[in-house]
Amino acid sequence: MRDLFNVGSTTLLVAVVLILTVLAYGLVRSRVMSSVSGDARKLHSLPNYYGYNAAMLTAIPALFVLAIWMLVQPMLIQNAVIDMIPQSAVNEGSSVNLVMSDVRRVANGLDAAVQSGTLDADSARDMDVTATDVRALLAGTGVALGSDVTPEVLAAAQRYRSMEVTGRWLMIAVISVLVLGGMFIALRTARADFRARNTVERFLLGLLVLAASLAILTTVGIVLSMLFETLNFFRLHPWQDFFLGTTWAPNFRGDSDLSILPLLWGTLYISFIALLVAVPIGLFAAIYLSEYANNKVRAFAKPLLEILAGIPTIVYGLFALLTVGPFLVKVFGRGEDGLLGVDWMSGATSVLTAGLVMGIMLIPFVSSLSDDIINAVPQSMRDGSFGLGATHSETIRQVVLPAALPGIVGAVLLAASRAIGETMIVVLGAGAIARISGNPLEAMTTITTRIVSQLTGDTDFASPETLVAFALGLTLFVLTLGLNVLALLIVRKYREQYE
Amino acid sequence: MKDNVISETDVTTHKTKIAARNVQVYYGDTHAIKDVSVDIQDKTVTAFIGPSGCGKSTFLRCINRMNDTIDICTVKGDILIDGEDIYDSAVDPVQLRAKVGMVFQKPNPFPKSIYDNVAYGPRIHGLARNKSELDDIVERALKRGAIWNEVKDRLHAPGTGLSGGQQQRLCIARAVATEPEVLLMDEPCSALDPIATAQVEELIDELRQDYSVVIVTHSMQQAARVSQRTAFFHLGNLVEFGETDKIFTSPEDPRTESYITGRIG
Ligand SMILES: Nc1ncnc2c1ncn2[C@@H]1O[C@H](COP(=O)(O)OP(=O)(O)OP(=O)(O)O)[C@@H](O)[C@H]1O
Ligand SMILES: [Mg+2]
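Protein sequence lines correspond, in order, to chains A and B.
For the first sequence, UniProt numbering assigns the number 1 to the initial residue and increments by one for each residue that follows.
For the second sequence, UniProt numbering assigns the number 1 to the initial residue and increments by one for each residue that follows.
It should be emphasised that the hints constitute simulated quantities derived from the structure, not laboratory data.
These figures come from a predicted structure and were not determined experimentally.
Just to be clear, a hint being listed does not mean it is correct.
Once the Cα atoms are required to be at most 35 Å apart in a straight line, the calculated DSBU-like pairs of lysine-lysine come out as [what the hints assert, rightly or not]: (1) B:Lys152 <-> A:Lys296; (2) B:Lys76 <-> B:Lys106; (3) B:Lys76 <-> A:Lys302; (4) B:Lys76 <-> B:Lys152; (5) A:Lys493 <-> B:Lys152; (6) B:Lys76 <-> B:Lys43; (7) B:Lys112 <-> B:Lys143; (8) B:Lys34 <-> B:Lys76; (9) B:Lys143 <-> A:Lys493; (10) B:Lys34 <-> B:Lys112; (11) A:Lys296 <-> B:Lys246; (12) B:Lys152 <-> A:Lys302; (13) A:Lys493 <-> A:Lys302; (14) A:Lys493 <-> B:Lys76; (15) B:Lys112 <-> A:Lys493; (16) A:Lys302 <-> B:Lys106; (17) A:Lys296 <-> B:Lys131; (18) B:Lys106 <-> A:Lys296; (19) A:Lys296 <-> B:Lys15; (20) A:Lys493 <-> B:Lys131; (21) B:Lys43 <-> B:Lys246; (22) B:Lys131 <-> B:Lys106; (23) B:Lys15 <-> B:Lys106; (24) B:Lys43 <-> B:Lys99; (25) B:Lys246 <-> B:Lys112.
If the Cβ cut is set under 10 Å, some of the chain A residues that face chain B in the computed set are [what the hints assert, rightly or not]: (26) Thr141; (27) Gly142; (28) Val143; (29) Ser147; (30) Asn294; (31) Asn295; (32) Asn375; (33) Val377; (34) Pro378; (35) Asp383; (36) Ser385; (37) Phe386; (38) Gly389; (39) Val399; (40) Pro402.
Positions of the beta carbon are idealized from the N, C-alpha and C atoms, including for glycine.
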């Protein structure tokens, strides 16, 4: 029993619940079988359903309460203990939260000491700072503390420990009641005419609904948290500057220019170049693969393209930085030494570098989506065109592509939304200078790059320079969401066409 | 059962338009057409009849080389149109299909407007010198397809928005718009009501003045009404081929007789 109070206790508890669950399954199944003297045809449901039902009744309420308990108990204890720490115990430059983390460390240290045998349970409970050097004692058990333990902290830690023990006991009691209660009900209802199958069905439905709503809730949660931080930002910074200003120049004097427009320009410019690369190449590749390539080529080329899609974007970023950028400099820069003898490009990072590499990244994305869409055009449509004496390319241009066009537009929009949200390639390939310029050989910066740089290093979540990252993120989110919705609407409309 | 007026004139034999010699068709390992030889005459309607899966569509598709689009399909033997071997490597299948039009078993209008569907072939082959000529071609084709009255007010509505039977007639109009010399029709009336069927049959009879028409049908009555010659296929073999009158009144092969009288199918 002692182990139940230690760190591993929850695991043990869960194990006990699961064992009882299996037991309930077997017990109820055999009971219901014996109630019809072994003739399963007299049961309303298959015997296993009675077992599943019993297992569910035993495990689900207990495990559910356990999960909630584990979340809520630390909060309740913290709230109770935090009142014991007087304002005077909080040092200059520190906060109640830091003191509380000390309290938790001391409490955990005492637990560890008791467990390793350095301390017996009674003396741990009645310890006094004046009598023992708590810091040295805990250091002996491997818990290092930053300062000496004050009486208030020790008292709070003692309280923390005792409440935790009470909490554990209560939890074990409640769980036991739930498990045994569940088993009892399961045994009571284990009759031949009980509709176990329908209950299991309802449970499965509940599980699916739960999964679906969790997915939706997290999305809502993400959006809300972004929204709140964004509102905080707009309290500190005028929205007119954010949406309508023309300069991006964060500083730490508090009069930063934080306008999204130069970043948006960089984002859209790079995405535009990326699409300029990816859409024709991806589309032509898809047309070749789905219309002309024979099975052998297809079996070899399709997986290859899909591998291209699986390369992590940071690798593409390195490719931009180390290969494409320097190559472009060699072509467009270096004056007399360059290939063109011009000096238009000074550094490896530029809109063109990032755009080209991002375009390469998007090729498999565009081609595999377009491939699916082109394949969805019924063969009878092609036959009709061939039957009228059209050539293959006439058929593709005049029948297949027009039929697939809405779907292809959808694919391009999806690619655009990926380009806009892409981060690693632009962090490494686009540069860090925010400006609005038409020259693709200049370095520019994007929304995603600025989010990264505003949130890395020392950040103070009360300054507009940091909070602007959330406003940028939310704008990006709205932008890509809009594109995705549009793309989905188009693709869906297209799907209906052949049904 | 048969239309005397039509068959009366048919005893005159026309020159051979399509000559097939020892044609074999394989889908992978499946032997779908077994050694079929047949002479199809010019200015004649030839009906292909036979139970489902016997290879009527397959043989029809050999005549305009549509089987080329199926990877696993191989065709052996010779098919001559006007004495020219269409499987010769010098023959361009694209050109051939302009000459040998086809109406498919399932209606397959393009997702374009009704007008563009019909104008598709003439545009590809440059049959019209200007817009008004193209308009004329489209109107004539739609009239021959017996669908003009239903669509004349919505020529720019999508062809896919028509009913199944209307779509089939649109496909017929589309095929005749390119003025082919041979028209292959794979069950063109299977989705049509009796009135539209009668109109299409009238069209077929009219086309016979200039073209050679091959029609696959499951309706004995239709074969008897529109065709002058009939070929009966069974399990990939050409069982019997001859004057429609003769096939339907005194078939030589017992299989033909059982099929016509409804004992095998
Ligand atoms: N694309 C294909 N791939 C493989 N086998 C095929 C293909 N098309 C047809 N076949 C086979 O060839 C045989 C002849 O088929 P075909 O379509 O010519 O029959 P049919 O006489 O037109 O029948 P129906 O009257 O039902 O249209 C059938 O056994 C069929 O299974
Ligand atoms: Mg068929």
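Structure-based check of all given hints:
1. Straight-line distance between C-alpha atoms of Lys152 (chain B) and Lys296 (chain A) comes to about 48 Å, which puts the hinted pair past the 35 Å bound.
2. Between Lys76 (chain B) and Lys106 (chain B), the direct Cα distance comes to roughly 26 Å. Compliance with the 35 Å bound is thereby established for this hinted pair.
3. At most 35 Å may separate the alpha-carbon atoms for a hinted pair to count; Lys76 (chain B) and Lys302 (chain A) meet this at roughly 33 Å.
4. For the hint pairing Lys76 (chain B) with Lys152 (chain B), the CA-to-CA distance comes to about 45 Å; that exceeds 35 Å, so the pair is violated.
5. A distance of roughly 27 Å separates the Cα atoms of Lys493 (chain A) and Lys152 (chain B); the hinted pair therefore holds under the 35 Å criterion.
6. For the hint pairing Lys76 (chain B) with Lys43 (chain B), the CA-to-CA distance comes to about 27 Å; that is within 35 Å, so the pair holds.
7. A hinted pair counts as satisfied when its Cα atoms are at most 35 Å apart, and Lys112 (chain B) with Lys143 (chain B) qualifies at roughly 19 Å.
8. For the hint pairing Lys34 (chain B) with Lys76 (chain B), the CA-to-CA distance comes to about 10 Å; that is within 35 Å, so the pair holds.
9. Our distance criterion of 35 Å between C-alpha atoms is met by Lys143 (chain B) and Lys493 (chain A), whose separation comes to about 33 Å.
10. Between Lys34 (chain B) and Lys112 (chain B), the direct Cα distance comes to roughly 39 Å. Violation of the 35 Å bound is thereby established for this hinted pair.
11. In summary, the hint linking Lys296 (chain A) to Lys246 (chain B) is not supported, as the alpha carbons are separated by about 51 Å, beyond the 35 Å threshold.
12. The hinted pair formed by Lys152 (chain B) and Lys302 (chain A) fails the criterion: a straight-line CA distance of about 46 Å is larger than 35 Å.
13. About 27 Å separates the Cα atoms of Lys493 (chain A) and Lys302 (chain A), which keeps this hinted pair within 35 Å; it holds.
14. Under the criterion of a C-alpha separation no larger than 35 Å, the hint pairing Lys493 (chain A) with Lys76 (chain B) is inconsistent with the structure, at around 44 Å.
15. Under the criterion of a C-alpha separation no larger than 35 Å, the hint pairing Lys112 (chain B) with Lys493 (chain A) is consistent with the structure, at around 16 Å.
16. For the given pair, Lys302 (chain A) sits about 32 Å from Lys106 (chain B) by alpha-carbon distance, which is consistent with the 35 Å threshold.
17. Using a Cα cut-off of 35 Å, the hinted pair Lys296 (chain A) and Lys131 (chain B) is violated, with the two alpha carbons roughly 45 Å apart.
18. Pair hint Lys106 (chain B) plus Lys296 (chain A) holds up; C-alpha atoms about 30 Å apart against a cutoff of 35 Å.
19. At most 35 Å may separate the alpha-carbon atoms for a hinted pair to count; Lys296 (chain A) and Lys15 (chain B) exceed this at roughly 45 Å.
20. Pair hint Lys493 (chain A) plus Lys131 (chain B) holds up; C-alpha atoms about 32 Å apart against a cutoff of 35 Å.
21. Distance check on the hinted pair: Lys43 (chain B) and Lys246 (chain B) sit about 19 Å apart at the alpha-carbon level, within 35 Å; holds.
22. The straight-line distance between the Cα atoms of Lys131 (chain B) and Lys106 (chain B) is roughly 30 Å, inside the 35 Å bound, and the hint therefore holds.
23. Restraint check: the Cα-Cα separation between Lys15 (chain B) and Lys106 (chain B) comes to about 31 Å, which is no more than 35 Å; the hinted pair holds.
24. The hinted pair formed by Lys43 (chain B) and Lys99 (chain B) meets the criterion: a straight-line CA distance of about 15 Å does not exceed 35 Å.
25. Annotation: proposed proximity of Lys246 (chain B) to Lys112 (chain B) is violated, straight-line Cα distance about 44 Å (limit 35 Å).
26. The interface hint given for Thr141 (chain A) is violated, since its Cβ lies 75 Å from the closest Cβ of chain B, which is over the 10 Å cut-off.
27. Residue-level restraint check for Gly142 (chain A) is violated (minimum Cβ-Cβ distance to chain B is 71 Å; threshold 10 Å).
28. At about 73 Å, the closest approach between the beta carbon of Val143 (chain A) and any beta carbon in chain B exceeds 10 Å, and the interface hint on this residue is violated.
29. Interface hint at Ser147 (chain A): violated, since its Cβ lies 77 Å from the closest Cβ of chain B, which is beyond the 10 Å cut-off.
30. At about 7 Å, the closest approach between the beta carbon of Asn294 (chain A) and any beta carbon in chain B falls short of 10 Å, and the interface hint on this residue holds.
31. Here the hint on Asn295 (chain A) is kept, as its CB sits about 7 Å from the closest CB of chain B, short of 10 Å.
32. Taking 10 Å as the C-beta cut-off, the interface hint given for Asn375 (chain A) is violated, the closest approach to chain B being about 15 Å.
33. Taking 10 Å as the C-beta contact cut-off toward chain B, the hint placing Val377 (chain A) at the interface holds, the least distance being around 9 Å.
34. Annotation: interface hint on Pro378 (chain A) holds; nearest CB of chain B at approximately 7 Å, less than 10 Å.
35. With 10 Å as the threshold, the beta carbon of Asp383 (chain A) comes within range of chain B, its nearest partner Cβ sitting at about 6 Å, so the hint holds.
36. Because the closest C-beta pair between Ser385 (chain A) and chain B is about 7 Å apart, less than 10 Å, the hint holds.
37. Nearest Cβ of chain B to the Cβ of Phe386 (chain A): about 6 Å, under the 10 Å cut. The hint holds.
38. The beta carbon of Gly389 (chain A) is positioned within 10 Å of a beta carbon in chain B (closest approach about 3 Å), and the interface hint is therefore held.
39. For Val399 (chain A), the interface hint holds, the least distance from its beta-carbon to any beta-carbon of chain B being 5 Å, beneath 10 Å.
40. Contact between Pro402 (chain A) and chain B, as hinted, is supported at the beta carbon level, the nearest pair being about 7 Å apart and thus within 10 Å.
When each numbered hint is compared with the structure, violations occur for hints 1, 4, 10, 11, 12, 14, 17, 19, 25, 26, 27, 28, 29, 32.
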